[in-house]
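A.B. asks: Now for the letters of each chain:
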Amino acid sequence: MRPRLQSTNLLLAATLTLGAAQAQALTELSDDSLSDVQGAGFAFALDNFSMRFAPESFIELTGAGVNGVGWQRGDARYYGLSMTNGAQPGGTDWYATLNGGSSACGGSSAYGNTFLACPLGNGNSLGAGVTPNQYGIGAMASIYDPYVLRVFDYEGYDFQGNYLDGSAGNEKPTILELIGPSQTEDWRWSFWGELEVDRVAGDPSAAIGAANCSSGGADCADFLQSQTIIHGKPTTADGKPAILRLMQTENTADNTLGITYQSALSGDFRFSVRQKDTGALADTLHNVPDFDDAEGMYFKNVDAFLPLGVLHYQALTLDAVRDGSGSATGDFVIELTRIPDIPEVYNNFYCGDVGNTGDCALNSDGSIANPNEDTRGYVRWGNFDSVNIATGAGLPSATATDNGIYFVNPSAATPVTNLGVSRIEGMRIHHMKITTLGAN
Amino acid sequence: MTSSFFLRMSELFPEKAPPAFAVLAVVLCMHTNPAQALEAMDDTEMGTVTGQKGILASFQYYYNSSPAEADLGAPLSICDTPNGGSSLANMNCRFGLQLKNRESEWLVFKNGHASIDLRRLAIDASMLGDSHGGSAAYHGYFNEAKFTDQDGSTCLLPSGDCSGAAASGLAEMPGLRLSYPEGAADGFEFNDVRFGLYFEGLAVEPNALVPSGNGWEGNNNGSFMGLNIADNNGHQAGIAFGGDFYLYGY
Chain R
0 MRPRLQSTNL LLAATLTLGA AQAQALTELS DDSLSDVQGA GFAFALDNFS MRFAPESFIE
60 LTGAGVNGVG WQRGDARYYG LSMTNGAQPG GTDWYATLNG GSSACGGSSA YGNTFLACPL
120 GNGNSLGAGV TPNQYGIGAM ASIYDPYVLR VFDYEGYDFQ GNYLDGSAGN EKPTILELIG
180 PSQTEDWRWS FWGELEVDRV AGDPSAAIGA ANCSSGGADC ADFLQSQTII HGKPTTADGK
240 PAILRLMQTE NTADNTLGIT YQSALSGDFR FSVRQKDTGA LADTLHNVPD FDDAEGMYFK
300 NVDAFLPLGV LHYQALTLDA VRDGSGSATG DFVIELTRIP DIPEVYNNFY CGDVGNTGDC
360 ALNSDGSIAN PNEDTRGYVR WGNFDSVNIA TGAGLPSATA TDNGIYFVNP SAATPVTNLG
420 VSRIEGMRIH HMKITTLGAN
Chain V
0 MTSSFFLRMS ELFPEKAPPA FAVLAVVLCM HTNPAQALEA MDDTEMGTVT GQKGILASFQ
60 YYYNSSPAEA DLGAPLSICD TPNGGSSLAN MNCRFGLQLK NRESEWLVFK NGHASIDLRR
120 LAIDASMLGD SHGGSAAYHG YFNEAKFTDQ DGSTCLLPSG DCSGAAASGL AEMPGLRLSY
180 PEGAADGFEF NDVRFGLYFE GLAVEPNALV PSGNGWEGNN NGSFMGLNIA DNNGHQAGIA
240 FGGDFYLYGY
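So the sequences go chain by chain: R and V. When you line the first sequence up against numbering that gives the first Met the number 0, it's residues 0 to 439, in that order. When you line the second sequence up against numbering that gives the first Met the number 0, it's residues 0 to 249, in that order.
Isolated chain R (complex conformation) (with noise of 0.2 Å):
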């Protein structure tokens, strides 16, 4: 007992000691530090583990009084997030959670809704695991495949096309790295938003309560809201899982901070706009609407991996806009660096390949024969693993609810529309710059 006791002291003091950071300043790790780093972190398991904004809550971008002509002031509001369990089908929504009353919203094998249906999944069993929580994800990171958060070093080519492997001279830069699980249960993450145009601040059309433009009205405002729910897993279906990395950018020419990120994501996606609630509140500003349970626009069987940057040659990066005496001028630059023009670092980027061995042999078609699978993005709208791509057997019909994509009108005569599936492959960014405008 008494060595295990010792353990949860340990950890008890260190957590109440996280507060103490305040007395002493951060103080910058030396490389000797460094260079004993063996990858040992820190692990985080979410077990039934559920976050939920109440349905009022939000997060509110707001945007700048505009200059330009055409140009209209935008605010958007993300109401609700949410991030409940997705293996059983029972659920509700932030308009029962809010009101009260049992038959929130349910799911229909005729629209493919079982699990979109209900933003809010609250089907776990209360039996679970320590802390009972009737909205949990079960296995949201087991044990088994936590979350990790550690300090590692990778090989990999530089900015300058030097290769990076810990040899003398080529020392392996160290990377500080959250890696998220690559095996985990179903969750449900959803939020409802709310897109407001040309908020005049103060004025009656910017209160709570404030109608819909769209429906008429004095003090009316302009506004569009929306639920967002996704069924489905941060990890692709072939099991990759999402990563973030921080790092200082190994290049000689902008040593700043740099960002990489793989994101991976696959599921089911629902967007829907329609409302059931036809009393006083509905469609007014700010208010928590009653959404329908079925209509919308589905993405069915989604699969998505998106890697932005590449250890060591590429990386998101943090820049202001300046003019030409190269004074910031208010507004800020994300960019993912261009990949170098380096003939081992190209090599390296499409194939793989690690001081031009030869991996970038091509087929007789001309497509490379060993691509690179750690930098090819692609997002696939729908399962193709049963469609022939030339003959087209396999596609979802035209009223399909199981794969691809989808629009549900349940007042139609036919309700449900498919578009087939789609795909984009092979994608690889060799440059990104994302400008904010507004400043000044």
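There could be a bad hint or two in this list.
Stated by the list, open to error - Straight-line Cα separation of at most 27 Å, DSSO-like style, residue types lysine-lysine; simulated pairs: (1) R/Lys171 - V/Lys99; (2) R/Lys239 - R/Lys171; (3) R/Lys432 - V/Lys99; (4) R/Lys239 - R/Lys432.
FYI, nobody ran anything at the bench for these hints, they're computed from the structure.
With the hints as your guide, set chain V onto chain R.
C.D. replies: Same frame as chain R, but now just chain V:
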């Protein structure tokens, strides 16, 4: 900047509660010298724990905002009422960020305030195997790569064996467990964490346009966006957490 920091800890131990764990309230004011903070408890103190329960902790932090119950998280009077113009120049409620190799400018968060209120978070020790995801049904989730060294072969777990879930010994390891066991027992469903964050404007301000050379004092570039995390009925968003969060190391 004005901030205040409240920490309340209560314990769930039975009769033999040692003095070190008595209910205590600590109020710290961090105007100019944020030197006082949580202090580590040593093994001797913690070794006298006899119960198997953990602790409940509540934590409040108010940054340029008011902890008064009447209007939790409201901005203090030293911040300006937002007007999209002169209020962006307020010097009392400003936060600046500077990145390496970008030392000629600052990313400035203007006319802002924030608050966070964690209510009755349970901090406990637990065996990892008690979790739902630690049962035998999830042995197939075992991810060897996460527990091995850079060489790919040295297992970093105490057991030294990363060949599989059962052999790893993870289920027998202790971990720190955070949870909100009381749920909505206080009558409020979304009261586990109250979090408010507001800044009216955000812009990059260069050092060159400010007489003092401190770009974070400048207001030459207005704003390109603002952020507000709140609720329709107040300045703080309410968040409910359920289940368990395990923290362990290796």
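A.B. asks: It remains to establish, for every hint, whether it holds in the given structure.
C.D. replies: Cross-check of the supplied hints:
1. R/Lys171 - V/Lys99: Since the Cα atoms of R/Lys171 and V/Lys99 sit roughly 20 Å apart, the hinted pair holds (cutoff 27 Å).
2. R/Lys239 - R/Lys171: The given pair, whose Cα atoms are some 24 Å apart, holds under the 27 Å limit.
3. R/Lys432 - V/Lys99: Status holds; Cα separation ~19 Å.
4. R/Lys239 - R/Lys432: holds, 26 Å
No hint from the list above goes unmet by this structure.
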